[in-house]
Each structure stands twice: as C-alpha cells, then as structure tokens.
Amino acid sequence: MPTFRWEEIQKHNLRTDRWLVIDRKVYNVTKWSQRHPGGHRVIGHYSGEDATDAFRAFHLDLDFVGKFLKPLLIGELAPEEPSLDRGKSSQITEDFRALRKTAEDMNLFKTNHLFFFLLLSHIIIMESMACFILSYFGNGWIPTLITAFVLATSQVRPDTLDHDLNIPTPQIPHGYLLMLQ
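If you count the sequence shown from 1, position 140 lands on 140 in my numbering, and the numbers rise without skipping.
Certain hints may be false.
Stated by the list, open to error - Taking lysine-lysine and the BS3-like style, the derived pairs with C-alpha atoms no more than 25 Å apart in a straight line are: (1) K11 <-> K70; (2) K25 <-> K101; (3) K67 <-> K31; (4) K101 <-> K31; (5) K70 <-> K25; (6) K25 <-> K67.
In case anyone wonders, no lab produced these hints; they're calculated from the structure.
Input sequences plus hints: build the corresponding full structure.
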C-alpha cells in the first residue's frame with residue numbers, strides 16, 4: 001500500500017481534489033464528498049488534514065461507516081510521519097479524546113427511548129389541543145392567537161426531536177425566507 005507524507009496530503013484540499021486522513025489511513029473522497037449525507041462542506045473543511053476525531057464524533061456506528069471508506073482508501077501515512085498534521089496541537093487533541101471517552105463511559109451518548117416517546121406525545125397533544133381550541137371556541141381573534149401560539153410551539157419541538165434522534169432534516173438554503181417576502 002502506498003505511503004504519503006503530510007506535505008503531499010495537505011496539497012489535496014481543493015474542491016476538485018480532497019483527501020482525508022482517518023486513523024493514519026489516507027482516503028480520496030473527491031467524488032464521494034458530493035454524496036456525503038452531512039454535505040460536502042463538512043468533508044471540505046477537513047480535506048488535506050487529519051479527520052480522525054471529527055469522523056469519530058459524527059459517526060455513531062464506526063463499523064458501518066467504515067464499509068463506505070474501504071473503496072476510497074488510497075494509502076496510509078508514512079511510518080515516520082506523526083499521526084496529527086503539524087498544525088494541530090496534540091495536547092488539545094488528547095484532551096478532547098479524553099473528554100469523549102469520559103462521556104462514553106458515563107453513557108451520555110445512549111438514548112432514552114421513553115424520553116423521546118414522551119416528547120412525541122407532547123407534540124401530538126399540543127396539535128390536538130390547537131384543533132380543539134378552534135373547534136370549540138371558533139375562529140375569533142383570541143382563539144386564533146392562542147392556537148397560533150400552541151401550533152408554533154408544537155412545530156418547534158419536531159425540529160429538536162429530529163436533531164436529538166440524529167435524523168437528517170432538509171437544509172433550507174440561506175436567504176430562502178427572504179425570497180418568500
């Protein structure tokens with residue numbers, strides 16, 4: 001397997017030429033970055049650099065995601081090269097890795113499904129409450145304002161629920177709301 005030095009890897013940080021280093025292995029993600037579920041900008045931010053910590057932070061099932069990396073593998077770091085590129089502080093990196101290990105040991109990344117079920121129930125109850133207010137009190141100004149408040153509150157909840165469950169939400173381009181005006 002070919003070996004690469006950091007000087008060579010750092011040259012591949014363009015939109016048309018992207019390499020990543022993950023666990024001392026070098027990957028060419030140029031073509032695949034457009035299909036990346038997190039978007040091409042995330043990969044572009046780490047192109048030409050060591051992305052090991054970001055890779056571990058953003059991907060919960062490393063074995064599953066590793067299957068997608070196998071065809072992109074082009075080599076590894078030369079044995080005499082440090083694991084981190086020269087621009088990164090090893091002390092900060094070690095501190096973040098220790099912090100992640102502590103969080104994993106405390107089970108902070110484990111989900112409580114009952115909590116999310118109750119959160120979903122809360123959303124459904126608020127939606128039902130809004131329908132009840134309009135059907136019982138009619139569509140006067142006060143019931144409409146109360147219903148608008150309840151619906152707005154209930155619609156904010158699914159966004160946070162999607163985020164907490166790691167469900168990707170469609171990205172609205174910047175300026176989209178300005179186009180609607």
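Query raised in the report: Is the Cα-Cα distance between K25 and K101 25 Å or less?
Result: Roughly 22 Å separates the two Cα atoms, so the pair holds.
Report task. Would you mind confirming whether the straight-line C-alpha gap from K25 to K67 stays at or under 25 Å? Result -> Between K25 and K67 the Cα gap is close to 14 Å, so the pair holds against 25 Å.
Query raised in the report: Straight-line Cα separation of K101 and K31 no greater than 25 Å?
Result: 33 Å, violated
**Report entry** Distance restraint between K67 and K31, which requires alpha-carbon spacing of 25 Å or less
**Finding:** The hint holds at about 16 Å.
Query raised in the report: Within 25 Å, alpha carbon to alpha carbon, are K11 and K70?
Result: The given pair, whose Cα atoms are some 22 Å apart, holds under the 25 Å limit.
Query raised in the report: If you draw a straight line from the CA of K70 to the CA of K25, is it 25 Å or shorter?
Result: With a Cα-Cα distance of about 10 Å, the restraint between K70 and K25 holds, given a limit of 25 Å.
Comparing the model with each numbered hint stated earlier shows that hint 4 is the single one that does not hold.
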